[in-house]
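*Asks:* Quick mapping for you: the protein sequence lines, in order, are chains S and Z. Mapping to my numbering: the first sequence position 401 is 401, numbers consecutive. Mapping to my numbering: the second sequence position 120 is 120, numbers consecutive.
For the record, the hints were derived by calculation from the structure and aren't laboratory data. We treat Cβ as the ideally placed atom computed from N, Cα and C, and that holds for glycine. Honestly, I wouldn't trust all of these hints.
Stated by the list, open to error - Reference excerpt, derived from the structure (chain S facing chain Z, CB under 8 Å, subset only): (1) Leu3; (2) Ile207; (3) Val234.
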Amino acid sequence: MSLDEFFVTGDPMILASQIAIGLTMVGLIALITYLKKWKWLWTEWFTTVDHKKIGIMYILAGVLMFFRGGVDGLLMKAQTSRPELGFLDAQHYDEIFTTHGVIMILFMAMPMLIGIMNVVVPLQIGARDVAFPKLNALSFWLFFAGAMLFNVSFVIGGSPDAGWTSYFPLAGKEFTPGVGNNYYAIALQIAGIGTLATGINFVVTIIKMRAPGMSWMKMPIFTWTSLVTSIIIVAAFPIFTVALAYMSLDRLFGTHFFTVAAGGDPMLWLNLFWLWGHPEVYIVVLPAFGMFSEVIATFARKNLYGYKSMVFAVAGIAFLSMLVWVHHFYTMGNSAAVNSIFSLTTMMIAIPTGVKIFNWLFTLRKGRIEFSTSMLWALAFIPCFTIGGVTGVMLAMAAADYQYHNTMFLVAHFHYVLIPGVVFAVFAALYYWWPKMFGFKLNEKIGKWHFWLFVIGFNFTFMPMFFVGLDGMSRRMYTYSESTGWGAWLGFSAVGSLIMAAGFAALCYNIYWSFRYASRDVGSDPWNGRTLEWATASPAPHYNFAVVPEVEKLDDFWYKKKEGKLGLKKSDLKSVHMPSNSWTPVFLGVAFGIVGFFLVFEWFTLAIISSVLIVIGLVANSFDYDDGYHIPVDELEKEEREWRGELK
Amino acid sequence: MTQANTPLEYRSQQSQMNILGFWIFLGAEIVLFSTLFASYFVLEHNTAGGPAGHDIFILKDVLIETFLLLTSSFTAGLAIHFMRNNAKNDMIVWTIVTLLLGAGFLYMEINEFIHYVHEGATIQTSGFTAGFFTLLGTHGAHVTFGIIWISLLLVQIFRRGITEKTSSKFFIASLYWHFLDVVWIFIFTFVYLKGMVG
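Starting from the given sequences, assemble the full structure and let the hints guide the process.
*Replies:* Following this line, the structure appears as structure tokens:
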């Protein structure tokens, strides 16, 4: 392979990106060296096993990926803003909608949600950390390795270009011969292993590490949704693992899982992909529902209406999520009976989801609503998401779906589900839990700019897509003729996407502004919260709780606060056991990244040689008998005094 | 849960969590192998002019493999029995027997694969062979991983003795080993026996 095949050449935008990436890397390395921060980075971040720091790294990666995926989105919007524009050619457009989809779902939504779960769940259940802190770090580094591998594709070797669904036979070697779709198969595999480990980790954490007295029905709702999401991860991700392994074998080793000519079956890919892909939608949306529930209850100053029905609705959605995958391909030759069954199961999902919508509305009813930025996101979510839900029921009707299957109507539908459902939730959660992570609030005034720009921009961008979709515009069309009459709609939509981008810029500015100027004096419980994470200092100390709290009822912290029963007795302090930092997770992440890179380029000798690194990491890990360390009582006392004042 | 009658591997909170976590991991493994089986059933009859299962399977060899692997599961159980009796040497002996049986299984399986390749059934031949070799290969790779893993644990048991930590690690590895046995029973029944019937 020659050098000009290795680097992507011929497009000035990509050349500019290559130069920019190179300069940024050099600049970052120079800056860290100049500031002498390497040791700090290594000991405080790269080798950390602290769930809060891992969560923050996930969120940071998620914000970066949001930028990348967002730029992809803006490029698509620019290309379709006028009829017959030549801004992007068809191939480049294909690559961009593929990376946009994969990055937004797997490298933006997932890390954002898993990051917030990491920060919040152990605090909400009164635990010191997750069940397997080192595995948690490994999950992050595998995700990060996968994300980086996927992201370099557009400058090195070429991007995947078969859509985020990578349907065969298009995604097979015969029709897409470059390395692009190898990136898809390998990078998602590496990130997926990390996600599976996260799922197992959180199931065990939530089952085994809840504070004494916190029985199932006294668990905060966000913890419930995180548990159910983790269970779906464990049940669904192995299917994707197998599907990606088949894809890799087909592309790298010439097998025939998905090629019709030698007895393979492309529909096998579709079924396996959506057997994972549909539950994946609920993996991202359920924790988001949990976040909204916490935010709505807190800022309506009421307990969550219908807590139990909320729990059953979440479990019901999880169950049904496994039974609807065929609705993604009604038009691909199933019998009427099969389509009808999947129509029914799909529409059934509207029932528990409707329960949740009404629970939120009834929580708001007669509440003393405080319109904080995070509450605004939650309030905007309900109507926007309902539009997404109702159009979803339209798509669920198999007979009707034949009319608008794979049109822009579908694209508008899932953006109306995923953006209010996930992105609004992540924003609400960031504003809400920011003080718990960093000890200061994000600015509310800039937050409102962020909110209004983003929500207005969102509706402007995606509402027109319903109409062009119903008018027959198929998804993934890179251009269209003037006579279609779509130019006005899509031009409007493109302007909307710029407003959305301005909203995102406002968020970035808000983070910058607040880091520099926001008041550090926010106390431990700035929102008058209801759950245990507000019972400890902000930012939460590395040991989380000096004394593990005991729980008597749902929203225990809220009632103890009202009854004045909070506070720490000096005599209750005992030394706290903490896990030690470890180098193996980050080492293994790098090792998997290197092996993955060689596999993408089908350099098998190098891949085999470098997989020795993985073996070294695993063996070192097996022989690691580090027992952690203890924080002595006087150190705990000193740290607790800092924010509590004198102890009882 | 830290009474003296609790088995050693369950005594610490962390060990209990490790074992529960591994059970959940095995749940994920069940999903993984179910997917492999389901795909195999989809592709089973798509031989694309290449050999079918009953053309190439040699039931005698497969039976010996089955025998080796099932026996290794029994000896792994013996090793756990001696671990609980704190009989380090017996435990080590039976673990070595387990590993040898596992290695024997692998040797037979690799030979079987070489034989199939000579018969003109490579992983690239057809949908059927792709499904077959991937299902069997994934199981075989698991056995290989298990042999290496348990060997490393054996070194740790040898050096550190039977402690709360080593015992829980070893117990988890034995769960893994038994699980591979269960998967093999399904392979033997639904790949080989079913394949011989046609």
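*Asks:* Next, verify each hint and record whether it holds.
*Replies:* For each hint, the structure was consulted:
1. Leu3: This hint is violated: Leu3 (chain S) lies away from chain Z, its Cβ roughly 31 Å from the closest one there, beyond 8 Å.
2. Ile207: holds, 7 Å
3. Val234: Nearest chain Z Cβ about 5 Å off; hint holds.
When held up to the earlier numbered hints, the structure conflicts with hint 1 and nothing else.
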